[in-house]
Amino acid sequence: MRAYAAYLLHRFGQFLLVVFIGMNIAFVVTHATPIDPVEQSIAAATAFGSTSPEAIAMMRQSLRELYGVQGGLWPQYASFWKRVLVLDFGPSLSAFPTPVSALIWRALPWTVGLLIVSTTITWVLGNLLGGLAGYLRDNRSLRVTGLVLMGFHPIPYYIVALLLLIVFGHLWPVLPITGGAQMNMARGWSPEFVLSVLQHSVLPVLSLVLVGLGGWFMGMRSLVSNIVSEDYVVYAELGGVARGRILRSYVMRNALVPQVTGLAMSLGGIFNGAIITEQVFGYPGIGALLISAVHAGDYSLVLGLTTVSIVAVSVAVLAIDMLYPLLDPRVKVA
Amino acid sequence: MKRVLKGLLFGALMLSIVGSVVAQELISNVPRKETLIVENPEGTIKNAGWFNIWAINAGGQSTGLHQLAMDTFWYIDPNKGIDGVWDNSLASEKPIYNKDFTEMTVKLRKGIYWSDGVEFSAADVLYTVQTHLDTKGLRWSAPIQINVASISAPDPYTAVFKLKKANSRFHALFTVRWNAMWMMPKHIFEKAGDPLKFAFNPPVSLGAYVLNSFDANGKWFIWQRREDWQRTTLARFGQPGPKYVAYVDAGPPDKRVIAQMNHQLDIIHDTSPEGMFTLAKQSRLSRAWFAGFPYAHPDPTLAAVIFNTQNELLKNRDVRWALALLIDIKAVSMAAYRGAATISAIGVPPTGTHAEYYHRPIEPWLKSFEIDTGKHKIKPYDSTVGKQIADSLRPSLGIQIPDKPEDIAKAFGMGWWKPDPQAATELLEKAGFKKVGSQWMTPDGKPFVMKITVEGEGRPVMTRAGSMVAQQWRQFGIEASTVVAQGTLLERRAAGDFDAIISWSVETWGGHPDLSFFLDSWHSQFVAEPGKPQPLRNWQRWAHPELDKIIEQVRGIGFDDPKGIELGREYVKLVAREMPSIPLMSYNVFTVMDETYWTGYPNAATAPYTDPVPNWGNTKYMMVKLRPRQ
Amino acid sequence: MWTVVRDLLRHNRGFAWGVFLLGFVLLIAALSFVSPYNPLDSYVVPPDMPPGWPHLLGTTSRGQDVFWMLSFAIRNTLAFGLLVALISRLLSLTIGLVAGYAGGWVDRVLMSINDTFIVIPLFPILVLFYFVMRDNMSWVALAGVVACLGWAYDARLIRSVAMSLRTREFTETSIFSGMSMSRILVEEHLPYVMPIVFSTTMNNINWSIGLEVTLSVLGFTDINTPTIGSMIYWANQHTAMVAGVWWWIAFPVALVIMTFIGLFLLAVSMNEFIDPRSRFGRGPT
Amino acid sequence: MTAVVQVSKLRAYYQTNQFGVQRDVRAVDDVSLQVQSNEIYGLAGESSCGKSTLIKTIAGAIRPPLAVQGGSVVFNFGGRELDLYASGPEAAAAIRWKHLSYVMQGSMGVLNPVRRVRHSFVDFAFRHIAKPMPQFMDIVTAHLARVHLGAEVLQAYPHELSGGMRQRVAIALATVCKPDLIIADEPTTALDVIVQKGVLGMIREVQRELKSSLILVTHDMAVHANLCDRLGVMYAGRLIEEGATRDIFSRPRHPYTAHLIASLPRIGHTATIKALDGAPPNLADPPAGCRFHPRCPLAMDVCKQQAPAFVEAAPGHRVACFAVNPVGVM
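Residue numbers (our numbering), protein chains in the order written: chain A, 1 to 334; chain B, 1 to 630; chain C, 1 to 285; chain D, 1 to 330.
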């Protein structure tokens with residue numbers, strides 16, 4: 001029990017460290033950007049109309065006051081941490097005066113949904129197939145599946161997404177290639193809306209799954225093929241324990257332990273994938289929001305998004321770490 | 001085992017079924033036949049629920065908001081207009097100035113109502129102007145506070161502006177060319193508190209449409225024709241056709257093309273030339289401004305290679321001219337537009353009514369115009385370039401290429417500067433440059449580096465033009481390359497953070513010969529210190545006493561005074577001699593309109609009544625011309 | 001070493017295929033040195049020609065020969081991958097070896113930082129970097145940044161090996177014989193971790209090329225340098241897909257996929273050779 | 001007396017294929033033996049002489065690269081005969097644990113590390129004992145008492161038990177179904193001497209109670225001496241002497257056996273035993289003729305050419321040595 005406590009403490013420390021380092025990188029980088037939100041706004045606001053030059057000088061002044069972008073680095077750093085702690089990042093500069101948090105909460109559900117669905121499918125399916133493939137070495141269909149999955153594994157998310165876009169958007173246009181749901185449909189748990197959301201998520205999810213599967217598949221397969229020669233498995237077979245039971249409770253059960261750690265470690269990468277996928281399929285998540293925010297030179301929004309994504313990912317990792325001991329009784333502070 | 005695998009296969013099958021079989025209507029609860037679907041080039045609106053257009057880019061504006069729900073005194077059409085270029089919208093007549101241009105009186109139409117049934121009156125005008133006087137940081141606060149001393153309303157249908165100083169162009173502030181200062185509903189805003197923090201959701205409309213619904217994630221906005229559309233200014237031209245208008249984020253160019261091929265996007269705002277050609281070939285009912293090549297609508301905007309004339313090397317006119325003489329406009333037109341460009345040699349876009357006011361009258365002068373390379377004089381102008389482009393395209397495109405000179409001029413432009421590397425060499429040497437091996441060196445012996453800033457994916461066509469210009473300079477031995485400033489271009493342009501930039505410092509009314517729209521801001525009084533942000537539009541940061549003289553004279557005369565045209569021509573000759581930026585072509589926009597559901601779109605030949613480019617506030621006039629396809 | 005390679009070639013199908021694919025890719029890259037065209041020039045050949053003779057893989061809408069462009073593109077892309085791999089190897093080797101050898105708090109500190117870099121979503125940070133450096137973001141600079149973000153995962157693997165080495169008696173003896181830590185690491189431990197370094201290099205190259213392509217396609221890199229990414233970028237600018245100029249996108253994608261699978265097969269087969277218990281957790285970004 | 005297991009002409013090789021180079025390690029080469037019911041049969045020999053492989057093969061615990069090349073293993077449980085390698089895996093699975101159980105070498109790793117001990121008993125024994133769960137648990141608990149373990153171990157995870165406890169759990173697990181034949185491979189190696197004694201004693205008790213047969217493999221002759229009824233001695237993958245433990249210890253026929261016994265420390269025996277020179281042969285290519293001849297004190301020329309036959313030298317006592325009876329096999 002004390003081992004568990006120590007373990008948790010350690011993981012939590014790690015969690016704090018990740019968040020801290022991440023935040024600082026984000027802060028430093030965003031504040032090094034030469035983009036000036038005020039100039040961005042003015043440029044955008046006056047791009048087409050006819051505005052006299054003195055007017056612009058005046059506009060610049062009042063926007064500076066409005067956005068409150070004056071002040072040195074340290075005060076900004078301090079206020080940044082204050083904001084992180086209360087998860088309020090002030091008003092967005094490219095959608096002033098709407099608070100950043102409002103924009104993020106609007107987009108976050110889409111990304112989180114996308115991630116949870118695709119990651120679950122990927123991880124479960126990948127481990128299941130991988131486990132079977134490792135256990136039934138000479139099953140043809142599994143061999144083939146393995147080859148296909150491994151073919152996709154090394155290809156970057158963008159390329160896979162692009163291929164899907166071309167196939168289902170252009171050559172055989174049966175699936176929506178943009179947006180998160182049908183236009184002008186009332187949001188809620190109505191079957192139409194849910195169905196529409198599902199339909200729009202097929203391609204993004206598919207691209208994430210296709211890339212992801214291979215890793216889990218191979219990991220699980222090699223793990224399993226090592227575990228089947230472990231004493232306890234051999235012994236169980238000598239003991240005439242049913243094959244299904246052996247596969248489940250002896251082989252898979254033991255192989256899952258490292259795979260769960262693997263999941264925690266790869267969440268960051270998966271998140272990157274989600275951002276790119278959203279960009280390709282115009283999915284209304286935080287990926288698209290982030291990129292447009294960077295374009296608009298909107299510090300506060302970029303900071304908010306980076307912060308939220310780092311915290312979100314780390315929390316997910318922490319959650320997995322906490323569940324880990326349930327899976328492996330031999331928990332020790334690693 | 002087998003069972004598990006079967007299960008997996010089944011799952012995959014279900015997935016694809018969810019996808020394919022349940023193919024739905026594009027928009028739910030709105031009949032497609034009564035809906036016009038338009039691309040909003042702003043893409044996804046971060047802050048969808050914000051309709052207070054008077055707060056500086058807090059939300060979207062070409063989401064249909066300023067096309068369908070806003071209105072103000074006057075509109076100037078970039079093309080011919082429904083009846084004339086000038087339209088009195090909320091005003092019942094043209095602006096009335098006193099003789100020294102220190103007071104402007106506006107007569108308002110009667111019987112115009114807000115969508116919530118309140119009548120529009122001078123009270124709203126007063127409120128709008130007063131609010132901008134009292135509040136800092138509203139979109140039009142600055143120009144109002146600079147110009148307006150006071151405003152009064154002798155009667156509910158008259159507004160009188162007392163100006164701080166003479167300004168013969170003050171009405172421009174209320175004259176829609178893309179947009180202008182819109183009227184605020186007094187009865188809403190006066191209850192709303194701080195006008196900077198008020199979202200104005202749902203918007204109360206002064207136009208013929210009112211908001212029906214919108215996407216919280218900012219991907220689409222659907223507007224609905226007002227029951228009482230007769231009580232809006234548009235009613236003078238009859239009933240608007242579409243019952244619903246949807247402004248949507250159509251994604252990247254190829255997705256737009258796909259969408260229109262599947263008749264899910266009636267108006268594409270802009271696409272690549274290749275996309276345009278594809279639609280022309282494959283989509284039977286897709287239409288563009290020109291029935292055939294070059295298809296695109298020439299916006300009254302002059303795409304140019306804009307130099308930063310504060311940059312040491314580029315202060316010298318000879319250097320600028322040398323660089324100009326290295327450009328083969330035919331290749332640039334090819335690279336940027338596949339030939340579908342309307343070129344212009346002079347500092348005015350070759351569009352709308354400008355050709356007859358400027359390009360044609362000025363051509364004799366251009367033909368005789370000489371520059372001195374130091375070794376000898378050359379006549380750089382070649383009046384046949386437009387024809388050459390047409391001829392070079394005719395073999396591949398055949399009949400759709402016009403052969404009547406005036407048609408060619410309309411489609412491809414008239415003449416341009418002929419490439420003359422010899423003269424360029426002489427000019428550079430005159431300026432103290434040296435060629436060492438294959439590499440040009442600056443007077444102080446460093447390699448001659450030119451970085452051309454382009455916007456990248458934001459404006460593919462301009463990016464392509466930039467790369468071609470860079471290539472031509474490079475081939476001459478100048479170390480030239482392009483720099484992508486996606487998203488940051490506007491700011492870098494203002495900051496003067498470039499050697500040369502592909503952009504536009506010349507934008508005009510299009511329909512009206514007056515040039516003050518951009519020219520006034522070229523006065524040397526506005527040129528910023530190097531490194532300081534330059535107010536629009538003199539991006540080249542170029543000052544010249546003769547120019548200042550011209551501008552000051554323009555300020556002194558009326559908007560419609562024919563003398564304005566004379567002064568305009570003076571300006572044209574001046575910039576031709578000085579070459580502060582190299583004019584390339586008009587900004588041609590490939591707006592593609594699908595006639596599957598709607599007909600009556602504007603076009604160059606038979607219905608040039610307005611600009612089809614849908615993010616223009618002026619496109620409200622399109623609605624009354626659109627009719628469902630029979 | 002060579003005998004190993006020979007044996008692998010003869011008896012490991014994956015390895016043979018990997019070598020074949022990469023060989024092909026490298027050949028194409030090498031051809032760029034004899035290209036008749038300057039990759040920066042456009043409109044040197046008639047645009048939009050479908051694959052055929054004399055333009056094997058057709059020509060782009062910018063009037064460039066796809067085949068020769070491709071040879072430059074893949075060359076630069078590979079160079080990028082190698083550079084990233086090189087820098088990140090140095091980082092992961094140093095950190096992995098030191099952490100594994102020193103153990104104790106040094107190890108704990110290093111690994112905490114390490115895990116941080118594994119967990120943090122890198123993409124947002126990369127995009128930010130682009131916007132700080134803007135046009136100074138040459139692909140060398142980009143390689144630097146990517147490398148600095150991409151060492152962590154392999155440092156962990158190396159560390160685990162180093163830890164096992166530490167307990168071997170030859171380490172003890174060299175400690176007693178008064179060798180300095182750095183010498184022990186370089187002369188005694190490095191040889192043992194080399195195999196794993198090789199195999200992780202392959203994965204790392206894959207990963208970094210993946211990033212390069214993605215960033216370029218999104219327009220976050222210098223578009224003047226022809227790479228696989230910038231090729232696709234230009235194709236998108238000309239809506240090549242809908243315009244029916246499929247060869248402009250298809251061939252780069254095909255070639256880069258070949259590269260990925262080739263490198264990947266090498267990594268897998270090498271791993272089987274070194275240590276059958278190896279895992280591949282990370283998916284490319 | 002009926003034979004519980006009948007092994008005849010059994011050959012099992014380790015076949016490795018390192019980059020195309022085929023190697024056969026003849027760990028079990030033409031071995032025949034039988035074990036009677038209710039007897040303890042010991043297998044002796046230096047480590048890596050193939051005894052573990054032999055019983056693995058008997059128990060059907062073979063994994064690649066180990067493969068059976070020939071011969072047969074026939075069980076006879078209550079009159080029902082079963083040829084292990086002729087009949088399919090189902091048939092083999094059917095007898096496991098009910099009739100045939102197995103105690104693995106170094107039983108440390110035989111318990112599933114991530115599940116409680118209880119589950120192992122359920123997985124292995126529940127279906128054979130065929131009683132509702134509560135009774136079944138009572139039976140298990142009672143049986144654990146036999147090996148001096150409390151019920152609490154059932155709730156424990158393997159890593160929470162000491163080596164000795166785990167060993168005893170393994171034995172309890174192997175015996176809980178009262179099988180006819182128990183195969184124990186070095187059950188006490190890796191245990192300290194005290195624990196060893198206890199465990200061995202325990203094994204004997206259990207075996208006596210259950211009246212089941214036991215094949216006991218260990219290199220420790222002392223253990224054989226005080227536990228086994230009969231003893232087989234292996235050298236280089238072959239059985240070279242077999243007989244009643246008493247006879248073998250009182251009068252070893254084979255020089256190798258003699259050496260093994262001589263190397264046992266005895267009270268009052270001060271003379272140091274001269275060690276056997278040379279090392280056991282490489283089973284990849286064993287010496288021709290008698291595999292022992294390179295180390296044999298009495299080696300003759302014939303030993304170098306021919307392998308001696310394994311034949312009775314006295315009733316129930318078989319030996320393979322020319323020095324004992326000059327019969328060879330071609």
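If you're looking for bench data, these hints aren't it; they were derived computationally from the structure. Keep in mind that the hints are not guaranteed to be accurate.
Looking from chain C toward chain B, a few residues come up when the C-beta cut is under 8 Å (computed) [claimed, not checked]:
#1 His11
#2 Asp41
#3 Tyr43
#4 Val186
#5 Asn224
All of these numbers come straight from a predicted model, not from anything done at the bench. All C-beta atoms in this analysis are idealised placements derived from N, C-alpha and C, irrespective of residue type, glycine included.
Hints that the structure is at odds with (numbers, increasing) = Failing hints, ascending: 1, 4.
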